[in-house]
Amino acid sequence: MSDIDTNVDLFVRLLARYQGQIYAYILSIVGNYNDSDDIFQETSSKLWEMFGQYEPGTDFLKWALSVAYYRVLDYRKNAKRHQKVLYSDDFFKQLADSAPQHLSKTREYLERLAHCIDKLRPQDATLIKMRYNDAIPVSDIAARINRTMRCVYFNLARIQRLLLKCIEDA
Numbered sequence: 094m095s096d097i098d099t100n101v102d103l104f105v106r107l108l109a110r111y112q113g114q115i116y117a118y119i120l121s122i123v124g125n126y127n128d129s130d131d132i133f134q135e136t137s138s139k140l141w142e143m144f145g146q147y148e149p150g151t152d153f154l155k156w157a158l159s160v161a162y163y164r165v166l167d168y169r170k171n172a173k174r175h176q177k178v179l180y181s182d183d184f185f186k187q188l189a190d191s192a193p194q195h196l197s198k199t200r201e202y203l204e205r206l207a208h209c210i211d212k213l214r215p216q217d218a219t220l221i222k223m224r225y226n227d228a229i230p231v232s233d234i235a236a237r238i239n240r241t242m243r244c245v246y247f248n249l250a251r252i253q254r255l256l257l258k259c260i261e262d263a
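Each residue of the sequence shown is one higher than the one before, starting from 94 at the first, in our numbering.
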């Protein structure tokens, strides 16, 4: 495998691993899905363009978030030109500075949630996964498992309470 192929493979693996956190960082600052989508695409392109500067073995996410931060700054400059700025620069800076801490807490919360889902009874885990991972409407779930919608809602609420308690106790 050539060095170029190795770099492409490494970049794709790292971006795939951290894309959700990079996007969440951008969204937490910008607060708009459409703009966040655009900024994420620009950030991904810029990350690839600058990947030669990344040192393998160092914190890719930290590096990527710094690149994303500058993409967001560019967005702010353009928004100012078009009178779309809603927040002061100081407020924006505070958001950008606090976002990595919130991402870390979110990651920890999601890890606890995954652990708690693994501890559920198989039928409860399946119900949660159908509703939230697969986004299957409650009416379709009810038909699939031959239960009423009310029963499905009741079970989802019960499982959510179990998961919340498990997460809080973890």
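These are computed hints drawn from the structure, not numbers from a lab. The model shown is predicted, which means the values in this text are computed figures rather than measured ones. Just so you know, even glycine gets a beta-carbon here, dropped at the ideal spot from N, CA and C. Some hints could be false.
Simulated pairs of lysine-lysine, BS3-like, Cα-Cα distance not exceeding 25 Å [claimed, not checked]:
1. 198 to 258
2. 198 to 155
3. 212 to 170
4. 170 to 155
5. 198 to 212
6. 198 to 222
7. 258 to 212
8. 155 to 139
9. 170 to 222
10. 222 to 212
Okay, the calculated beta carbon distance ranges per label pair [claimed, not checked]:
11. 228 to 155: 27 to 35 Å
12. 215 to 262: 15 to 23 Å
13. 145 to 244: 28 to 36 Å
14. 125 to 146: 47 to 55 Å
- Honestly, which of those hints from before does the structure not fit? 3, 9, 13, 14
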